[in-house]
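There are 4 protein chains.
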Amino acid sequence: MGLEPVVEGDDWRTGVVIENAKATLAKDKNHEIKAVCMVHNETATGVVSDVEAMRKAMDEVGHPALLMVDTISSLGSLDYRQDDWGVDVTIGGSQKGLMLPAGLGFNSMSDKALEAHKTAKLPRCYWDWSDMLKANKDGFFPYTPAANILFGLDEAMDMLFEEGLENVYARHERLAEATRRAVMGWGLETVCQGGIYSPSITAILMPEGHDADEFRKMVLKRFDMSLGTGLARLQGKVFRIGHLGSFNELMLLGTLSGVEMGLDVAGIPFSKGGLDAAMAYLAHPDNAAANAKAAE
Amino acid sequence: MGLEPVVEGDDWRTGVVIENAKATLAKDKNHEIKAVCMVHNETATGVVSDVEAMRKAMDEVGHPALLMVDTISSLGSLDYRQDDWGVDVTIGGSQKGLMLPAGLGFNSMSDKALEAHKTAKLPRCYWDWSDMLKANKDGFFPYTPAANILFGLDEAMDMLFEEGLENVYARHERLAEATRRAVMGWGLETVCQGGIYSPSITAILMPEGHDADEFRKMVLKRFDMSLGTGLARLQGKVFRIGHLGSFNELMLLGTLSGVEMGLDVAGIPFSKGGLDAAMAYLAHPDNAAANAKAAE
Amino acid sequence: MGLEPVVEGDDWRTGVVIENAKATLAKDKNHEIKAVCMVHNETATGVVSDVEAMRKAMDEVGHPALLMVDTISSLGSLDYRQDDWGVDVTIGGSQKGLMLPAGLGFNSMSDKALEAHKTAKLPRCYWDWSDMLKANKDGFFPYTPAANILFGLDEAMDMLFEEGLENVYARHERLAEATRRAVMGWGLETVCQGGIYSPSITAILMPEGHDADEFRKMVLKRFDMSLGTGLARLQGKVFRIGHLGSFNELMLLGTLSGVEMGLDVAGIPFSKGGLDAAMAYLAHPDNAAANAKAAE
Amino acid sequence: MGLEPVVEGDDWRTGVVIENAKATLAKDKNHEIKAVCMVHNETATGVVSDVEAMRKAMDEVGHPALLMVDTISSLGSLDYRQDDWGVDVTIGGSQKGLMLPAGLGFNSMSDKALEAHKTAKLPRCYWDWSDMLKANKDGFFPYTPAANILFGLDEAMDMLFEEGLENVYARHERLAEATRRAVMGWGLETVCQGGIYSPSITAILMPEGHDADEFRKMVLKRFDMSLGTGLARLQGKVFRIGHLGSFNELMLLGTLSGVEMGLDVAGIPFSKGGLDAAMAYLAHPDNAAANAKAAE
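Chains as they are written, first to last, in our numbering: chain A, 1 to 296; chain B, 1 to 296; chain C, 1 to 296; chain D, 1 to 296.
Treat the hints loosely; a few may be bogus.
No more than 25 angstroms apart at the CA atoms, straight line, and that leaves these computed lysine-lysine pairs for DSS-like [what the hints assert, rightly or not]:
| hint | chain 1 | residue 1 | chain 2 | residue 2 |
| --- | --- | --- | --- | --- |
| 1 | D | Lys34 | B | Lys121 |
| 2 | C | Lys272 | A | Lys217 |
| 3 | C | Lys272 | C | Lys217 |
| 4 | A | Lys121 | C | Lys34 |
| 5 | D | Lys121 | B | Lys118 |
| 6 | A | Lys237 | C | Lys272 |
Simulated from the structure, these hints should not be mistaken for lab results.
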């Protein structure tokens, strides 16, 4: 199955093609493009895009647009570096890798973005950075904040630093690799093809002729597990597994068991053995890494 | 492996042999035996004993002893009937099938037991039924009760009745059956041999030459799962899986995945496929039931 | 102390003067005014405005503007009737009378408002009613909702209906009356003068020469109580007591004790006896009501 | 009102009279008395007894009995020193000064007590120190522990040490002194007369002809506050205020307000002004201390 491109040359299954963006920017001699907006880790598809490469491409063609990045499903789950990668605006949320309820959004802005903000003409009130920055200086907020989640954030930070960010990221990579091995074991396809597979979410294509949402409903009913729905154009064609935040090997295998049994119950053509493949990997992830190295 | 009997003729692997108890009672012409104490569902071994049959045996030999039953790991997980089965004292707790923290113990007494209590000579204070019954009449307790757990109990009851006790018991049977199929699939043995397998807990023998507690420690470290230890004479020889209370198919399969990977990592001889057997059953438990029926 | 008017003729201490608004609307022959926005219960001042009277005034001058009402600090604490009063847009939040954390905002719209929305030109995305209504139809949300607060809302509704809305409103009135009697007892002034006193919040003027924020800081430090700050032009001149939501007589008296001791500690000129006045009322609120009636 | 003595010469209103105990011990030439059991802070009466003085008296008459002390309502609320005071067995619980639910009991034993335990003949199982000590060595328990409260205990300890034990004790003294001033202000009597007033609990005598439990019921109904009941022989004659644990000035004043209004509503003869007296003290506790010093 192919997914028609949104940006010419791009595809939902491969993430942002830096060369396409670069070409578009190079053509924009009058700098009418004000911002390059990209998603670090696309929740709908399970594809990571290369933010650092985008910065490099923008610099190479000397384009002054702001680089704005959505990190909703990557923050706290995979490495991200606003300053090192020259990002102007980062957008994050509390409800994924930070292991909190929905309720806090984060913005991190470069000086250049703050400068642009001063002359921005989009009407705004609640989202206004100036009001927020002014109040934040004294530890306050211009509007009633979700104070309970701020306390939770404090604890979430402690948990992440106690585990160590390197270990947190490695754990997400490990669980994502196990998930992909299960998908391959089942003879199914991930939406992501080539490029960088997401460590935090995996989107899986249903075989033709089967409705992903019917499948999801049945799994919820039979096994009390709510799989992620296909978003936008992927609705009905895709189901998604989030493997991020406070999540470990056995939670993942419980999840994958539900999918494997669900495929069986729904009469969808698949190969058994997805779960076995995930377990074989998770029992000996270092062997797998060593084998991969030896095979190079 | 055999486990030497405690009561002559009995065995830890088969539960209470009613005939043995009956013979002992029949010999007790002077009624020096004051109470027959039995465990409904033995937490250490995963064996259920037949309380109703014990009552029948006692009646047949006309022995007036009290029948006292420990239901700690059965209450709320498998069918139990104090009145129908003629039990004099039932002992239960909040921390297993009732899905609550440890902190509440329950006693249910027949009139005959209350009568015996009046002349009982064991010194007692905190455990005294008279003090408790007197205060309970007005909704109070003779000592500070674990009031928070009483609120929890109220909710737990609602949950059990909302699901329906029949469904609750069937769920426990189903998860227990899946666990036993996994154990067979691994080529391991359950402690329970013949008799009635526990719907709430399964105890599994480690192959000779392997220490169950070393295994448990490794599983805890690698997969953050705490398996039950072997109790008393089973220490080091057995690990246990509790599959009771607020527990479902995917939680069980996550648990069994941890065991299967643990066996692999520990280098313990076993067959892969335990998890597959559990999944095959849980995806189609009705087929399994139908097949069993057809085979009769 | 007087507070200069925002709308000509209006005053922060008396709430919306309907006649002023009516006069303004009557002059607007070309209907350039698109909406009349008012606050039902002003959090900053503790003043209630008469929404029903505003509707009547708008109808009398035949002005087609939308009537939009902020009920943040009134919803669930004082009677409010969108349909009966002909309100087009009501705005509410979870964090006050509904006794929940901040995190949910509510909009309730008339058909007329929905019609206007179709041609509204303010750029919007997250706040767009169309996206929300479309998803809500099936019980979903266009963006990740604060699901935990939705469960809380369910429970909050149960609590309010169990107490009975009439009783909830009467409780708020009673606590507000007690607060005002305490303020009078101390010889201080409420911001609200005449008009309708808020049942949910009371704003109190500091005597000249004393900084309200210094007072608040001291009370927080000495008595671990965080009084509300003066907002906007009232900053430093006012402190506020919220007496809404899950709140009762003894919580209020604990609060008022903190204020009375704080005034004493801070050396602010005041009369003792505020708390006594509040207690005298709360012990016999019906007497007070009867006396008031007799005095008419 | 007087309360007849339990031990000859003792009175419920003054606590343990050391001289009486000493005389009794001196007469026990054959050391038939095996243990002196005393309550550090009597929950029923609000009287503290002098543990250190008891040790001294026992030593002076050279009596070898064990000294056993109940610290249920003192542990974590007032200073207590097992080793310095030569206590052999201390009994404590989680549910008062440690700010936790009921569910954990504590025993702390001297070597001498452990020695006596070896030859003690009272039948025991659940309460057996040997089983507990053996399991505790490896961080375990012989029976299922209230693990949730152990986590809570960890946090409670952090809270107490963060505040500082000296400050915790001073806070309890301050709140108790304020409570007694309120009682005096109302013209009522505390049960405790002379001796050491409890910093954690105050028991108050109802005026003759008024039933304390009727009063408690009405206060609960009208003001949603549950006052402590009179225990044993004090039933109906006394109500009690606990001012211990996670408790501060404003919580106490809310509590005292409920009592003052309750007295008013119930038509019990009393003087208003109890709350004012408590506030006057709590606003300036250091002045009060200085005045007390000056008056010496």
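Here is how each hint holds up against the structure:
1. D:Lys34 / B:Lys121: holds, 22 angstroms
2. C:Lys272 / A:Lys217: This hinted pair is violated, its Cα atoms lying about 66 angstroms apart.
3. C:Lys272 / C:Lys217: holds, 21 angstroms
4. A:Lys121 / C:Lys34: The hint holds at about 22 angstroms.
5. D:Lys121 / B:Lys118: It holds: about 22 angstroms lies between the C-alpha atoms, which stays within 25 angstroms.
6. A:Lys237 / C:Lys272: Status violated; Cα separation ~72 angstroms.
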